[in-house]
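Number of protein chains: 2
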Amino acid sequence: MAKHTTKIDLPVSQIRRYLEPGPIVLVSSAHNGTHNIMTMGWHTVMEFTPSLIGCVIAGGIHSFGLIRRSGECVINLPTTALTDTVVGIGNTTGAEIDKFERFGLTVQAAERVEAPLIAECYANFECRLAEDTLIDKYNFFIFEVVKAHVAKSPRHPETLHYTGDGVFMGLGKMISRRSRFRPGML
Amino acid sequence: MAKHTTKIDLPVSQIRRYLEPGPIVLVSSAHNGTHNIMTMGWHTVMEFTPSLIGCVIAGGIHSFGLIRRSGECVINLPTTALTDTVVGIGNTTGAEIDKFERFGLTVQAAERVEAPLIAECYANFECRLAEDTLIDKYNFFIFEVVKAHVAKSPRHPETLHYTGDGVFMGLGKMISRRSRFRPGML
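Here the protein sequences line up with chains A and B, keeping their order.
Count along the first sequence from 1, then add 1212; that gives the number in my numbering.
Count along the second sequence from 1, then add 1212; that gives the number in my numbering.
Be a bit skeptical, because a hint or two may be false.
Heads up, the list lumps identical chains together, so a pair's fine if it works in one copy or across two of them.
[Unchecked claim] Each computed DSS-like pair below joins lysine-lysine, with the alpha-carbon atoms no more than 25 Å apart:
id: 1; residue 1: K1385; residue 2: K1364
id: 2; residue 1: K1219; residue 2: K1349
id: 3; residue 1: K1359; residue 2: K1385
id: 4; residue 1: K1349; residue 2: K1364
id: 5; residue 1: K1349; residue 2: K1359
id: 6; residue 1: K1349; residue 2: K1385
Keep in mind the hints are simulated off the structure, nothing from the lab.
The following block holds chain A by itself, in its conformation from the complex:
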C-alpha cells in the first residue's frame, strides 16, 4: 500500500474542497499511550474561518472515549485504493486490536495534536475540539481544523462515499461550471 509521502500544507480554510463532497473518512485518535482508528460518514463542514467540522461519533465505540478525553483527533482522507482497509477498520474494534498494526498502516506524528496521522491517506486534517454543547444529547462534536496536509496529486482524488448496506460509491467525473458562478459565490 503506497504512502502518500509528498504532502503539502493546505490553508485550513480550504479543506472544504475535500470534505464538502462527503467522503468516508478515517478518524485517528490517541490518549494515554493508546491509539485507534474509526470510520466516519456523518460529518459536515461548518465554517471556513475558523475551519470548523461537525461530526457524529457513536457513544459506545472505543474511539469515543479517546477523542472525548483528549479533545483531539485527525481526520484522514482515504481513496478507493484503501477500500478494503476502510471496511476492515469499520468492522473491528480498537478495544481488541491495534488497527494500525492489523491493517499495515503507518503512524506519522502530527504537528499540532497528539493523535497520529495515517501516512497512507491522501490528506490529514489535525483537529481540536471546539464545541461540546451537543455531545451529550447527539454525540455531535465540533472540531477546529488546526493543520492540513494534502498529497500533491492527483488534484481530485477518487474518494469513497458510503450509502449504507455495504455499498460505497466512488467520486469520479469532474463537472466544472466555474464560468457560470458569480465571483462572490465561488
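With chain A held as given, fit chain B onto it using these hints.
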C-alpha cells in the same frame, strides 16, 4: 426537464442511503405566501431514528428567514441532469426572483409541511426543525425528516458533489463490499 413523477415512500430511517454520500441538495422553503430554493452542501446525517439531519444555512440569505420563521423545509436531491439548475439557484437570490419560475421547476405539495417539493428532483425529504440550540452561534439547524419520497429508479442516482471553486464531482462507480461487513455493521 423530466419530472420524477413515479416516487415511492421511503422509511425516513433509510435516508442515509442518499444523504450520507454528501451530495449538493436543494432546500425549498415557504412562509407567509412566498417560497424559495437554496443550494446546500454543508449537511450531515445525525441519527436514524428519529431521522435527523444537521445543516448550516448562512444567516444572510433569503431562505434563512423563511426556514427560521416557518421551522420547516424540504431537502430535495438533484442529479447531474440538473447541474445547470443547481448552479443557477446558487447564484441568484429569492429576494429578487421566484426561483421555481425562473428555472422552470414544478411546485408540488408536500404531505407533512408547508414548504413545497421540487418535482424534478430525484428525492424529497420533508423536514421539521428539531433543535435550534446552535443556530445563533453557528447557523446550525437540526431537522427531523418526517416524510421521504424517492424515485423508483435508478437505485443509485448520479448525484452532484461540490468541491468549491465552481467544480462539482459526479458520484459514479458502485463499489460493493457487502460480504465483508459484519451484519450489525451494515
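Are there hints from earlier that the structure breaks, and if so, what are their numbers? 2, 3, 4 and 6
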